Every structure is written in structure tokens, then in C-alpha cells.
Amino acid sequence: SQTIHQWPATLVQPVGSPLSLECTVEGTSNPNLYWYRQAAGRGLQLLFYSVGIGQISSEVPQNLSASRPQDRQFILSSKKLLLSDSGFYLCAWMYRGITDTQYFGPGTRLTVL
Amino acid sequence: TQLLEQSPQFLSIQEGENLTVYCNSSSVFSSLQWYRQEPGEGPVLLVTVVTGGEVKKLKRLTFQFGDARKDSSLHITAAQPGDTGLYLCAGARNYGQNFVFGPGTRLSVLP
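Sequence order for the protein chains is A and B. In terms of this note's numbering, the first sequence opens at residue 103 and continues consecutively. In terms of this note's numbering, the second sequence opens at residue 6 and continues consecutively.
Errors might be hidden in some of the hints.
[Said to hold, decoys possible] Here chain A is said to cover these stretches of chain B; the calculated rule only asks that three of the stretch's residues, wherever they fall, bring their Cβ under 8 Å from a Cβ of chain A:
(1) 93–100
(2) 106–114
[What the hints assert, rightly or not] Taking beta-carbon pairs under 7 Å as the criterion, some of the chain A residues facing chain B (in silico):
(3) W109
(4) A141
(5) R174
(6) D202
[Said to hold, decoys possible] Part of the chain A face toward chain B, derived, beta carbon under 7 Å:
(7) G129
(8) R144
(9) G145
(10) G189
(11) L192
(12) T201
(13) F206
(14) P208
These are computed hints drawn from the structure, not numbers from a lab. Bear in mind the structure is a predicted one, so any value in this text is a computation, not a measurement. Glycine is no exception: its CB is placed at the ideal position from the N, C-alpha and C atoms.
For reference, chain A alone in the conformation it holds in the complex:
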């Protein structure tokens, strides 16, 4: 069965510090991978998605970047965090069958102070 991991679970960082969030998927190969951000108790905003190693598509211009160095690894980064980067970050992978289905990781709560 497939499993998706995210770490860290919680992170508190000062403004201007760098960021690296990691997501890994087990039990599948060549998955589509996604990074979302969720404001407190609200819907999900798609930040980046990747259909393969080294392939990154950005949905919104922002202070963040993403990379996919390995097939089942997806990284979200920033060189200098802003207060507005605070939020709940979710990684997801897409199962493509008769219907497309997304499965989410447990999320990372980022607080920028």
C-alpha cells in the first residue's frame, strides 16, 4: 500500500530564515506530487506540482520554490521566510486510474515569527 510522509510536523522559524520541508511517498512509482498551503481552517491553495523528476510547475508567484530530486521525494523551500508564509503545508500524490484520486500527507504546521 502507498504511504506519504511529511516532516517536520511542526516548525517555528524567524522571518528571514530559510525553509526546507520534505515529502516522500512509498509504494508507488512516478507519482504526480503536489504542495498545497491551507490557511487556518480553510480550503487548499495549490502551490506547486510535479509530474516527474526535475519537473516543477508553479501555480502562484511567491516566496517559495519546490524541487523533486528523486522520483518519490518532493521538497518545498524558501531562502528567506516572510510572515505571510505561515500556514499548514500539505503534500499530496495523485493516483491516476479510472478516476483521479489525491492522497494527502499529515501536513506541516509552519509558524513564522
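Using the hints, position chain B against chain A.
Quick look at chain B alone, frame taken from chain A:
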């Protein structure tokens, strides 16, 4: 503007009551999904609907996809405190496209 609208935004009911939440759009979707999310956790998929007029039942939950595939509803019978959470709908305009998410309905079921 949101491509997918959800209503109500908040709902607080007593255990044992029935409820319906809605997901609406002016656009047609090839498929639509419902998720439940608990605080501090990732969304968990409840159901996927793909056919206009389709009705799916998952124990006390009944999901319906509108005939025109522009809207969906989730009905919960005899709600329990364990049903508390944020209910999100998400849709793909066409197969292979990324999903868009609604803003969610936050449900509280009081014992």
C-alpha cells in the same frame, strides 16, 4: 472568486440530527471528491463521484453529484461527534487536470 463554493461555511448541530452540506460551481467537472479533515491532519478522501446524477452511500453519509455535474451534496444522517471536522469538496474540470478545492464547511456535532 472561488471556482467551487461550499455552504454553509459553519454548521453546529446536536448529536442525532441530520444535515446537508453543499458544493456548487458554475463550471462542469469531470469528477468531484469529498474529503474530511480533522485539525492538524491532512484531508482524508471520503468519496469520488464521476457520473451526473450519481448517488453514493457510505454508512450514514450520502453523496450526490448533480445531473449537470456542476454541484454536489453531502447528507449525514444521525450525526455523531466523530463526524466533526472540515468537509472539503474538490473537482477536476477534465481528466488529468489538477484539482481545485472549495473553502470547506466546518461541522461541529455536539454530544
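So, going through the hints one by one against the coordinates:
{"no.": "1", "hint": "93–100", "result": "holds (count 4)"}
{"no.": "2", "hint": "106–114", "result": "holds (count 5)"}
{"no.": "3", "hint": "W109", "result": "13 Å, violated"}
{"no.": "4", "hint": "A141", "result": "9 Å, violated"}
{"no.": "5", "hint": "R174", "result": "17 Å, violated"}
{"no.": "6", "hint": "D202", "result": "6 Å, holds"}
{"no.": "7", "hint": "G129", "result": "16 Å, violated"}
{"no.": "8", "hint": "R144", "result": "5 Å, holds"}
{"no.": "9", "hint": "G145", "result": "4 Å, holds"}
{"no.": "10", "hint": "G189", "result": "13 Å, violated"}
{"no.": "11", "hint": "L192", "result": "5 Å, holds"}
{"no.": "12", "hint": "T201", "result": "5 Å, holds"}
{"no.": "13", "hint": "F206", "result": "3 Å, holds"}
{"no.": "14", "hint": "P208", "result": "5 Å, holds"}
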